[in-house]
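Letter by letter, the chains look like this.
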Amino acid sequence: MSEHLTEIIVFSALFLLVSGMGFVAARWRRPDNLATLDEWGLGGRSFGPWITWFLVGGDLYTAYTFVAVPALLWGAGAMGFFAVPYTIVVYPIVFLVLLRLWSVSHVHGFVTPADFVRARFGSPTLALLIAITGIVATMPYIALQLVGIEAVLKSMGVTGHLPIIIAFAILAAYTYQSGLRAPALIAFVKDTLIYIVILVAIFAIPAQLEGGWSGIFDAAQAKFDATPAQGDGILLNAGNQLQYITLALGSALALFLYPHSITGVLASRNRDVIKRNMSALPAYSLLLGLIALLGYMAIAAGIKPIGTDNNTIVPQLFDKMFPDWFTGVAYAAIGIGALVPAAIMSIAAANLFTRNIYKEYLKPDASDADEARVSKITSLLVKVGAVLCILFLDTGFSIDLQLIGGVIILQTLPSVALGLYTRWFHRVGLIAGWAGGMAAGMLLLYNIGNPVTGKLHFAGSAFPLEKLGLDTKMTIYAGVLALAVNLIVAAAGTLIARGAKASEGDDATRPDHYLADEGDPRVKDLDLTH
Amino acid sequence: MTTPDAPELTTPDAPGQDRSDRSPWNWLLVLPIILPLVPLLFNFDEPRILGFPRFYWLQFLFIAVGVTCTTIVYQMTKRRR
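Quick mapping for you: the protein sequence lines, in order, are chains A and B.
Using UniProt numbering, you'd call the opening residue of the first sequence number 1 and step up by one each time.
Using UniProt numbering, you'd call the opening residue of the second sequence number 1 and step up by one each time.
Chain B with its partners taken away, still in its complex shape (with noise of 0.2 angstroms):
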């Protein structure tokens, strides 16, 4: 399919060698796996918002927090091209 001496899966023009999945911003993911889990802080009726109890209101804002860190995580982690 290529040439004979057909690159290893080492070969240093892969540019795999130095990649990694590691950085700081992936701390960041950790927050939207808490949060939702904690019934603590939503598993009440007051405040209303909109006639929204707290539990639903509140957690239907855990989905823009999730969105928010996996987003940022996304932007700062991408390949640079």
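With the rest of the complex left out, here is chain A (with noise of 0.2 angstroms):
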């Protein structure tokens, strides 16, 4: 342990820098009264076009990105570059999307998804549907944010539970206190050292080795052509070239789909602050195909990961190739990097249940300070819920959770993106898609083996084409399938539901809903004067 004396200093005095701060978040920008869910779940929805970048950025490229990524590139090569392709697609994707989404949610106070879909749709069993399934998909991402931190601590040679258990602890304190202020003003700390960290080792690590960058892809080749597995390289070969591009569009209609992604965008101050933000976005996604890139650098540098954790890697380079104290900074980044993404995470899901569950079925008239209290203390046991997870079960399993996270988020796209631009749909017609899509991501996923790990089930996303009976060696996302069942299923629900004359529901959203600015009038405003 004592090896690693300096870089755990450095880590600690880090991470109780951040812990201050986000006690103190609380008084940042204060608003009067703490105790509503706009204050402390959205922030005030006050945030301008810096705090944006910095807490969505901080929000979307989380520390398990930044650990498990590299960790792809070393193990399998080009496919694990799917990351850059998924995060340039996105912005131009969504850029008109979340600017109705905004507007239809600033006139009306939403605060989730959800909250959209029962107002456009009238239909609360539809919203039940779409925040369970927010839920659920974000809770395996909260713990996947331990394993970044597991990854780290492992390489100092910490071990045991104990020590995430208290960080999280941490985090849990002040998110209850602050709320979402706490993650947008350690997320200034946490980019600036992921950026400075980044920065050096991209020009460090190829410095120390031999031949500079064309010696590193050279020595990435020579280690995968020496494997048997077929489907490694440096390049993308003819099976999953289709899994690369249906992966990273299938991510990119996913991400904004994540409860904790909306947040971050529905705590914006206007709509220019999103567009301006799907400009400056993509220099994460820089960031991250550098970050990427450590994953060859550790195979030229010889690394190996501890015991069979592939995730180790990234953290392995950093100890050999840096100085001591400096290892400790970048420890440090990838373990505040997690703590942003999980009080987001946190606090999106206990949004989630307050205004879907807990207001719609168990407190109808709850009051504001009512909705803030219970989304508080929700926000504790999801950080609870995830902390079991690491301590029960395996790591690996969270990593499944996740995988299937991704499917199962991309089924509520008919209702929330779709649904901001057409009421076709009938209501209907969206949970018999819905239920479709999930019945089918479930049966792709666990019906994809891999024959290296001999692990027979939910080994991983990419579904071989030859089990649909095609003669082929491509695979493709599962969630992509899922998705398209979804869609042909709530097409055919819509016209059996409109044939038989099915009740339609109220829409409570209104065409120029959607078009609405900082400044224009919210229907809350309004019901006051009644």
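Honestly, the hints are just simulated from the structure, not real lab data.
Any given hint might turn out to be false.
To be verified - Not the full set, but computed from the structure, chain A residues with beta-carbon under 7 angstroms of chain B:
1. Ile88
2. Val89
3. Tyr91
4. Leu96
5. Leu236
6. Arg276
7. Ser279
8. Gly289
Note that beta-carbon positions come from the ideal geometry of N, C-alpha and C, so glycine has one too.
Taking the hints as your guide, dock the two standalone chains into a single complex.
This is the structure we're talking about:
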């Protein structure tokens, strides 16, 4: 342990600094009254372009991404680089969609995607399904943030679960007190540290390796040539190209359906803040691409993971290439990087519970203060659940759940994203489509095995098309197939429901609500005058 | 909260009536969605730049394409004050 002492001291010091900031954040941009969901859960819907950039960037590009993506490149090569096209296509895809979501949420005071679905389709049942889907998809994502911290702790020689429990207890306490303001403030430190670490890494590490960048790529190719596996290499092959682009596209479609992404977007002040961020957020994609290449640097530097945990590749690389004090800074960047998304995710999940389960079914006359209180308590419970996941379940199981999470959150696309544009779908059709998409997604994932590890089920997201009877070696992302089933069932269900004259449900929104901006009247303001 | 004849959501002074998200500039968004999804463009080793195979440097370049397109659309469609 003593050989890591400098690292541990630097890591602990930075960790304590941001914890302090988390508590102070309650006073930052202080409102008159923090006891409403708008203030606690959305930071008063007042964040400008800079805060939003740090907050959403810190929210989407998580600590887990930073250790898992390079680990993927280290293990499989080019396929892991899908994270780059994924984070390029996402912003132009959602550019116009998020503007409409922000506007209609601004007018109606929506806090969650399920709030919107409830008002748009007049269906508490559909909203409940959307809310449950969001919560179930988010929980393992929070647990995965712990995996990021664990990888770092392991590399510092710190074992046992106590440090993780302490870290999460601190996180839970300041999220409870400060709400969304805490991760927004901490995100500044987190992202600054990450940018510094990566800039240093991409110049300092290749300089220490023979042959520079060219040597790094050649070393990676040599490693993949030597393995018996067919699918790896520094380029794609005939079998995984379709998987590469469908995974990039499917992940992009899923990203802004996650409740925590929507929380970040709804916290911004006006439409221009969102537009500006759609062009500024790709700075993080550049960062992610460079981080991904750390996986190849690790190959060239001859790094071996601790045990069989590939996620320790990047921490091990830093440990070997950096002086101790800077390794400590790098570890702190990853560790703090886990706290920001974990806080936002727990807030988003808590808001879903409060708005779409508690207020809808348990206490319809809940006041603003009740809502804030319930959300705060739920955010604590969500974090306890995430810690229990890590303590009692295998880490691999969290990764499986996260994989499933991506597929199931995609099933909310017809109701949430298409719903922003069209009321054509019938609520009965949407419910049927959701059920069909979920069933198809589970079935597909269940049937994905991995011959190398001997795992028979849930061994990845690449579904071999030959299992559908096609004569090809190609694989495709299971999520997009499940979404296709969803859309077909939803369309058929809509036609049947119309034919049977099933009730359409009320639509509380109007076309101009989707174009409203800061300063325009809100429904709530009008209610108060009646 | 306001005067008794509080604004309806359709009040003329709410500058929302002639507002629209439609703009020909929006078509620029299609480019950065298509390019990164065509492996035919980038799935090659040669030519290398600064040691980076084409697969990597070209996809990094697509980030710049994405930023350029979204920035132009933002500048051309932002709210006039």
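Hints, one by one, checked against the model:
no.: 1; hint: Ile88; verdict: 5 angstroms, holds
no.: 2; hint: Val89; verdict: 5 angstroms, holds
no.: 3; hint: Tyr91; verdict: 6 angstroms, holds
no.: 4; hint: Leu96; verdict: 6 angstroms, holds
no.: 5; hint: Leu236; verdict: 5 angstroms, holds
no.: 6; hint: Arg276; verdict: 6 angstroms, holds
no.: 7; hint: Ser279; verdict: 4 angstroms, holds
no.: 8; hint: Gly289; verdict: 6 angstroms, holds
When held up to the earlier numbered hints, the structure conflicts with none and fits them all.
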